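Now for the letters of each chain:
Protein chains: 2
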Amino acid sequence: MINKLVEQIQKKKAPVVVGLDPMLAYIPEEIQKAAFAEYGETLEGAAEAVWQFNKAIVDAVYDLIPAVKPQIAMYEQFGIPGLVAFQRTVDYCREKGLIVIGDIKRGDIGSTSAAYAAGHLGKVTVGSKSYAGFNEDFATVNPYLGSDGVKPFIDVCREEKKGIFVLVKTSNPSSGEFQDQKIDGRPLYELVGQQVDKWGRDCMGDDYSYVGCVVGATYPEMGKILRKIMPKAYILVPGYGAQGGTAEDLKPYFNEDGLGAIVNSSRGIIAAWKNEKYAEFGGARFADASRKAVCDMIADINSIF
Amino acid sequence: MINKLVEQIQKKKAPVVVGLDPMLAYIPEEIQKAAFAEYGETLEGAAEAVWQFNKAIVDAVYDLIPAVKPQIAMYEQFGIPGLVAFQRTVDYCREKGLIVIGDIKRGDIGSTSAAYAAGHLGKVTVGSKSYAGFNEDFATVNPYLGSDGVKPFIDVCREEKKGIFVLVKTSNPSSGEFQDQKIDGRPLYELVGQQVDKWGRDCMGDDYSYVGCVVGATYPEMGKILRKIMPKAYILVPGYGAQGGTAEDLKPYFNEDGLGAIVNSSRGIIAAWKNEKYAEFGGARFADASRKAVCDMIADINSIF
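Protein chains in written order, with the working numbering: chain A, 3 to 307; chain B, 3 to 307.
Next comes chain A alone, as it looks inside the complex (with noise of 0.2 Å):
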């Protein structure tokens, strides 16, 4: 699945992921009421409206991105239905041929990672059949507990020809309370990102591993260096555009074939009817919106090579 991330991203030429992160505020008021007109204004009401939304967006943007990057967690709000809307999702896009990066930061005990990577990048077994739960081609994983919370995904990966980010060093603005804490001068995403590299040393594609790492785009001087420390991961990278990352600062991300880095955008691609520079789309062609952000997402990211 990373042959074929990096063969996409060339054959695209966009370094680029969209993050299918709706919330309902970002759903234009037309499509909620069709869905609640349909649903009633429950669960299954806002899963409807956010699938409907979701696969507008789909259309409108699969032809020129190699990836979407689905956030469980805005599904799961809603219970049962809202995790209906994600895997419907997975699906849709996965027969759209776009590469599915489940953003589901799961991380746990040896036993049970392995039910978490069989579920959304595996197959479970049931009596004498076995099934996949989510199908995602890659999950991003949480490396807190460790190699053998990490490991069983990795096993997964090598069967299914699947990869996973690990979380080394994150956008958000309390990041650096752990992760840059200092162990013997350095710091903490360093040394994760060290273990990174060599989980990753196991389990190659052609040219890039398939354990990958997220680094956010927020922080280019930690990016640079991480980027030395694991030159085979791809370097799944959020926080451009609405979080704060230029394409400038994504230049240390990159190797200096222009690949090794795939660079998410969520709010700024999906909820882009609602800002000021594509005000012109309004919420009805909000899809179009979403496929100008995409182009002009792509440009702005290609002008650094």
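Source of the hints: derived by calculation from the structure; they are not laboratory data.
Any given hint might turn out to be false.
To be verified - On the chain B side, residues computed to face chain A include the following (Cβ under 8 Å):
no.: 1; residue: Gly-47
no.: 2; residue: Gln-79
no.: 3; residue: Gly-84
no.: 4; residue: Ile-111
no.: 5; residue: Gly-129
no.: 6; residue: Phe-136
no.: 7; residue: Ser-173
no.: 8; residue: Pro-175
no.: 9; residue: Leu-190
no.: 10; residue: Ile-306
Since the structure is predicted, the reported quantities are computational estimates derived from the model, not experimental observations.
Note that CB positions come from ideal geometry on N, CA and C, so glycine has one too.
Position chain B against the provided structure of chain A, taking the given hints into account.
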């Protein structure tokens, strides 16, 4: 909810929580067969087997214990049907008067953590209505992203009178890889413990805080230090029994009042019928085996006071 937890622990004289982490391998063949006869060897069939298994165990032990801790990964691996079984389990346990600790180990950037908090402990707004997605009483939270990943959970706890247990020192073998790293001479888990204490001070029940923590039974010397660092935090202690922790190991986790900790056992209780010690019960009386194992565990833990 922390007051209710303390009250129930005192009333039942049982600082014990049963981990409802069903694997199909723990479920007697007859239950699996009946579920597969109705739903086939499908995810729905697996979920039905899980639900029937859980229900029988809850019916057999609810009067003995204050709380249960379903591990969501064990349900999530079966996709949507599995999560429906999770929800049924949560709802059923609450109906039985049990406190439900959702072992979800979520944690993300602020807005995303807010969605998880709403979905598991709070309510989500849909139009003019609001709904609880999963409605646990407590949730476990991963601290790797720092304060702004944890605070949205605390905000919901304050509003809903619910609680969290933040991972400080986990019970698994590789937990030390990052958690034990020394920062200015003190391990990272102590720093996380200090933050738990700080977060919890603003969010107090009568004697204990709504913000508790997770410290594995497998590291008693660390438990002793952490107990002092976080005097007002309830400690959720995994790792007793199957993972190797003994009753004697648990002493340091309690305060002098005999409170301050609640000990989890999962496999040791729900798969008791597979243990040689309870073999007399056999698969047909698996729930009775679980009841006996709970009684033995309570006696074992109370022996340290």
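Okay, the hints, checked on the actual structure:
1. Given the 8 Å rule on beta carbons, the hint for Gly-47 (chain B) holds: about 6 Å separates it from the nearest Cβ of chain A.
2. Annotation: Gln-79 (chain B) was flagged as interfacial toward chain A, and the flag holds, the nearest CB pair being 4 Å apart, inside 8 Å.
3. Taking 8 Å as the C-beta contact cut-off toward chain A, the hint placing Gly-84 (chain B) at the interface holds, the least distance being around 7 Å.
4. Against a cut-off of 8 Å between C-beta atoms, the interface hint on Ile-111 (chain B) holds, since the closest Cβ of chain A lies about 4 Å away.
5. Given the 8 Å rule on beta carbons, the hint for Gly-129 (chain B) holds: about 3 Å separates it from the nearest Cβ of chain A.
6. Contact between Phe-136 (chain B) and chain A, as hinted, is supported at the beta carbon level, the nearest pair being about 6 Å apart and thus within 8 Å.
7. The closest approach between the C-beta of Ser-173 (chain B) and any C-beta of chain A is roughly 7 Å, which is under the 8 Å cut-off, so the hint is satisfied.
8. Restraint check, Pro-175 (chain B) versus chain A: the minimum CB separation of about 6 Å is within 8 Å; hint holds.
9. A cut of 8 Å between beta carbons decides the hint on Leu-190 (chain B): the least distance to chain A is about 7 Å, and the hint holds.
10. Below 8 Å, beta-carbon pairs count as interface contacts, and Ile-306 (chain B) has none with chain A, the closest being about 24 Å; its hint is therefore violated.
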